[in-house]
Amino acid sequence: MDYEVTVIRQLWLTENVFEMRFRRPNGFRFIPGQKISLLKDSFSREYTLINAQESSDLSLCVRFVPEGHLTPLLAGAKAGDVFTMSSAAGFFTFQSRGRTAVFVATGTGIAPFLAFARAGIQGELLLHGATNERELLYRDEVEKAAANYIPCLTEPSSRLQDWSGRVTAYLESQMKVKEYDFYLCGNANMVRDAVKIIDSRFPGSRIFMETFY
Amino acid sequence: MKIYTGTGDRGKTSLFSGERIGKDDIRIEAYGVVDELNAIIGAVIAAMPPGSSSPPVKSQLTRIQKDLFRVGALLATTVDSLSMGHLHLMQQDDGRWLEEQMDLLQSSIPELTSFILPGGHISSAWAHVARTVCRRAERRIVTLMDLNAQDDDAAKNLLTYINRLSDYLFILARYCNHLAGVDDQVWAN
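As you go down the protein sequences, you meet chains X and E in turn.
When we follow my numbering, the leftmost residue of the first sequence carries the number 20, and every step to the right adds one.
When we follow my numbering, the leftmost residue of the second sequence carries the number 15, and every step to the right adds one.
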């Protein structure tokens, strides 16, 4: 089922990432971690909803791609403009029971974990990958998504942090070897590399993944 | 959406419920054969002779293809996982529906009095291939369920459905020949 959704506003989070807010249509339901397809002028892209379930808005975390089709339309949209949104779908939802949940995000892949945090879902560890501190989207809120929060910066502006390096390097060198439930969301290279490390270092673990390109 | 992720290049894959298992695991074999069956049913549909709108065989087969997606997802999920909550379990009604569709087809074809050789019209030949692959799927599913000591209602309904589907595909093969005006070739010793 598709819904017509009305733009409320954009909120720029960094130079090239913004939050897109729509008014929530009546009857729209979702589970934290699920995604939607957004359509406009025959272009369609998938985004994860970042709201709390009771929110009156539907919000998406969007990386601006100047040469893309949809994100310039989103970035240039005015309040009141209408887009088509599919109903929520997907299975990247919290499915752990009695296992240590480890969340791994890079870039806008933090979106489902923000939804988890806003729903009160908490894992044991969140590895939040970004280039530098400014790119740690929603840091204040997502720290609540896990008992332990590790920013994994590839170009940190200060050296005050305990850890510096990619999320995959953290997986490879810093974690105790045991069985985990891993939740991976980010670009395809990170997901592929993380799965390779998990297969060899943490056999018996479960992996839930959401990849974007 | 891209098809490739590169996460299965070393002989492992992820179940719907998150476990990483070898691609030669019996679970993968079971839902792999269900996938194979689904593809062959696509070939049956593509080969159907014209005039097959009553009974509505193509829509029956399309529903069966969707049901087989459900079966595949269920087989790709460990039973006690929370992921199972996302899925639509097989019901007794699914097996009954197949029985009703068989009755519809059977009422329009001649009574069978002896064994027949698989073949005839191309659509009938594909339906026979589908029937035998369906039996293989059933054998793999039984092995999987025995290994997991699985005998809950959902598992029983799934097995009933696959068992009924083989019967349906046999009737369908005969119906396809009937529709195409081709006589079933009787086996004579």
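Hints may be right or wrong, so weigh each one.
[Claimed, not checked] Pairs of lysine-lysine residues, derived as DSS-like cross-links and limited to a Cα-Cα distance of at most 30 angstroms, are as follows: (1) E:26 <-> X:197; (2) X:59 <-> E:80; (3) X:197 <-> E:80; (4) E:37 <-> X:195; (5) E:37 <-> X:215.
No lab work stands behind these hints, which were simulated from the structure alone.
Taking the hints in turn, this is what the structure says about them:
1. The suggested pairing of residue 26 of chain E with residue 197 of chain X holds, with an alpha-carbon distance near 19 angstroms, which does not exceed 30 angstroms.
2. Of the pairs offered as hints, the one joining residue 59 of chain X and residue 80 of chain E holds, with about 29 angstroms between alpha carbons and a cut-off of 30 angstroms not exceeded.
3. Distance restraint check for residue 197 of chain X and residue 80 of chain E: the Cα-Cα separation of roughly 38 angstroms exceeds the 30 angstroms cut-off, and the hinted pair is therefore not satisfied.
4. Using a Cα cut-off of 30 angstroms, the hinted pair residue 37 of chain E and residue 195 of chain X holds, with the two alpha carbons roughly 27 angstroms apart.
5. For the hint linking residue 37 of chain E to residue 215 of chain X, the alpha-carbon distance of about 15 angstroms falls within 30 angstroms, and the restraint holds.
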